[in-house]
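Participant: Take a look at the letters that make up each chain.
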Amino acid sequence: MKRCYEEGHSLWRDARRRLARNRAAMGSLLLLLLVAGACFLLPLSPWVANPNEANLDNIAAACSWEHPFGTDQLGRDLLARVLYGGRISLLVGLVATLVATLVGLVYGLISGYAGGRTDALMMRTVDVLFALPFIVLVVVFSLSIEEPSRELTEYLVAATGWSRESVAPLTGLLPLFVAIGALGWLTLARMVRTQTLELKGQEFVLAARSLGLSHAAILFRHIAPNLLGTVVVYTTLAVPGMMLTESTLSFIGLGVRPPNSSWGTLIKEGADRMEVSPELLIFPALFFCITLLALNFLGDGLRDAIDPRSAKD
Amino acid sequence: MAGLLLRRLGQGVLVIAVLQTLTFFLVRQLPGNPFLGERKLPEHIMAQLNALYGLDQSVWVQYANYWKGILLHGDFGPSLVQEGVQVSEIIAQAFPVSLLLGVLGMLIAVLVGIPAGMLAAWWRNRWPDALLMLAAMAGICIPAFVLAPVFGLTLGQWVPGLSVAGWDDALCAVLPALTLGLVNAAYLARLTRGGMVEVLGSDFIRTARAKGCSAPRLLFVHALRSGLLPAVSYLGPAFAGLITGSFVVETCFQVPGMGLHFVNATTTRDYFLLQGLVLCYGVLIVLANAAVDVVLMWLNPRLRTAQ
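One line per chain: the protein sequences are A and B, in this order.
For what it's worth, the working numbering labels the leading residue of the first sequence as 211, then goes sequentially.
For what it's worth, the working numbering labels the leading residue of the second sequence as 5, then goes sequentially.
Chain A with its partners taken away, still in its complex shape:
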């Protein structure tokens, strides 16, 4: 018995093998790990300078051993700023995607499983939201929850005794997380609903029901695991989109605010002084574009691996 089990090819094992054979996707994965590792781990080491430490004697320095990417108009080390900015950009991308995935998954599951009038109502709501100009709403929404997030900072400082400096960067990002994530779940909700409709008519659901399982158990134990492929692919492909939204907002001055900086704000700063020192634009833009590229290749690779029918050729 045991041998049969070992030799069986599960969907995931097949997918893993197909993915491992996809050179572009594996290269992207490696690149992503490198970038994420650099952003999150390197600043812990003594070699990376403080990103906010200005040094007016060393303004707009060229690349050197001490400052590998040079310094900006206030003499701050650009490498450190790019790495710290990457933390924020990656974090916003990940957390916003997580929010969107959770909301979209649960919404789609309920809508598809309930069916009938509930389903119709829920899907019409999605249709209406889908037609709204997304970016406009994100801007207004993220501005309007700025005040509550500031109150949350005060509350956390008072209640837990953490220093304001350690809490403020995170709560300051909260409006962005919520706004981008809360409005980005529509596509996934539609996809999940369609699949749920298909799945709930199949025999194993009927069997589960005749065994007397509750609706919640059927939904989360029997239907949800079958959606994992869709969700994984959607999530990987959604991260670059979310990062793009964040950076666009930051670029026009409506996203990440000082003292935080993301790749979007760094690119903005670089664009403002690109005639004098183009490397201020080049380095953050390079990091940003390479990360997006890798995320897209990885997402495409995952889609082809999990659902070979969708493979391009």
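Hints were generated in silico from the structure; no laboratory data involved.
Errors might be hidden in some of the hints.
[As the list claims (entries may be wrong)] Pairs of lysine to aspartate or glutamate, DMTMM-like flavour, derived with a Cα cap of 25 Å:
#, chain 1, residue 1, chain 2, residue 2
1, B, Lys72, B, Asp60
2, B, Lys44, A, Glu357
3, B, Lys44, A, Glu361
4, B, Lys44, B, Glu87
5, B, Lys215, B, Glu202
6, B, Lys44, A, Glu356
7, B, Lys72, B, Glu93
8, A, Lys410, A, Glu356
9, B, Lys72, B, Glu87
Add chain B to chain A, keeping to what the hints say.
Facilitator: Then chain B, alone, in the frame of chain A:
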């Protein structure tokens, strides 16, 4: 077909109402107000300003008044920051600018993206395909806000006559429109390739080829119509994307269009201008989606009979 359009239009009205209501209440509870300037105004002047613009009433009364103004008089209210200017005047000035940029951008996207996708599909899995798709991937990953400054620095400097900021003559539209267009061209190219590859692999194409159909005829007469479906359905979202793009491009090149006004209005808390612009965006999106529906139905007979 008329039924579907009518339903879509009904949905459009709902969309605009929801959008307007959401923005209205979200905007009213933003911290700060439009009259905060360099100098803090005395209390009584603030109170008079609020009374002048009706901002001292309850939010619900303001909400009712806002709709009354628009529906009965076509009045979008005054700009709260630019004194003595009506929102409708600002929009009347900014709308043609953004429209021109949007149409030019769309045109560039379609003229670059769709032929590129068709070529890639025709030479599937050979080097033109790989090259074009690599370029498309790069186009997707280099966002407008990187492309815009780079264009300004390179093309803006090298090509005489091209302007990198402002809005004085027709040449000012070149760089912004190019930036807007290329980003969308990348998506269109990928979608067109996908659609065409599928169609070119289908039986009726093989039959046509077996009967000696020439390559151009095969591509343009037989395959194009259904191969374009994915690209056309993307045009609706692409139109919404143009709004995002216009925020970036208009800020970058200092073009006085709706995007620049929107960005400024959010920071200055110009309630009426913000809402006027949002209403405008809503109407545009609804119309664009309806137009895409019509084109899709013309391209795909199955959608017509489904009615």
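Participant: A separate judgement is required for each hint: does it hold in the structure or not?
Facilitator: These are the hints, each one checked on the structure:
A distance of roughly 17 Å separates the Cα atoms of lysine 72(B) and aspartate 60(B); the hinted pair therefore holds under the 25 Å criterion. At roughly 20 Å between alpha-carbon atoms, lysine 44(B) and glutamate 357(A) fall within 25 Å of each other, so this suggested pair holds. Our distance criterion of 25 Å between C-alpha atoms is met by lysine 44(B) and glutamate 361(A), whose separation comes to about 24 Å. Distance check on the hinted pair: lysine 44(B) and glutamate 87(B) sit about 17 Å apart at the alpha-carbon level, within 25 Å; holds.
For the given pair, lysine 215(B) sits about 20 Å from glutamate 202(B) by alpha-carbon distance, which is consistent with the 25 Å threshold. Among the hinted pairs, lysine 44(B) with glutamate 356(A) is consistent with the structure: their alpha-carbon atoms are about 22 Å apart, no more than 25 Å. With a C-alpha separation of about 19 Å, the suggested pair lysine 72(B) and glutamate 93(B) falls inside the 25 Å cut-off, and the hint holds. For the given pair, lysine 410(A) sits about 41 Å from glutamate 356(A) by alpha-carbon distance, which is inconsistent with the 25 Å threshold.
Distance restraint check for lysine 72(B) and glutamate 87(B): the Cα-Cα separation of roughly 22 Å lies within the 25 Å cut-off, and the hinted pair is therefore satisfied.
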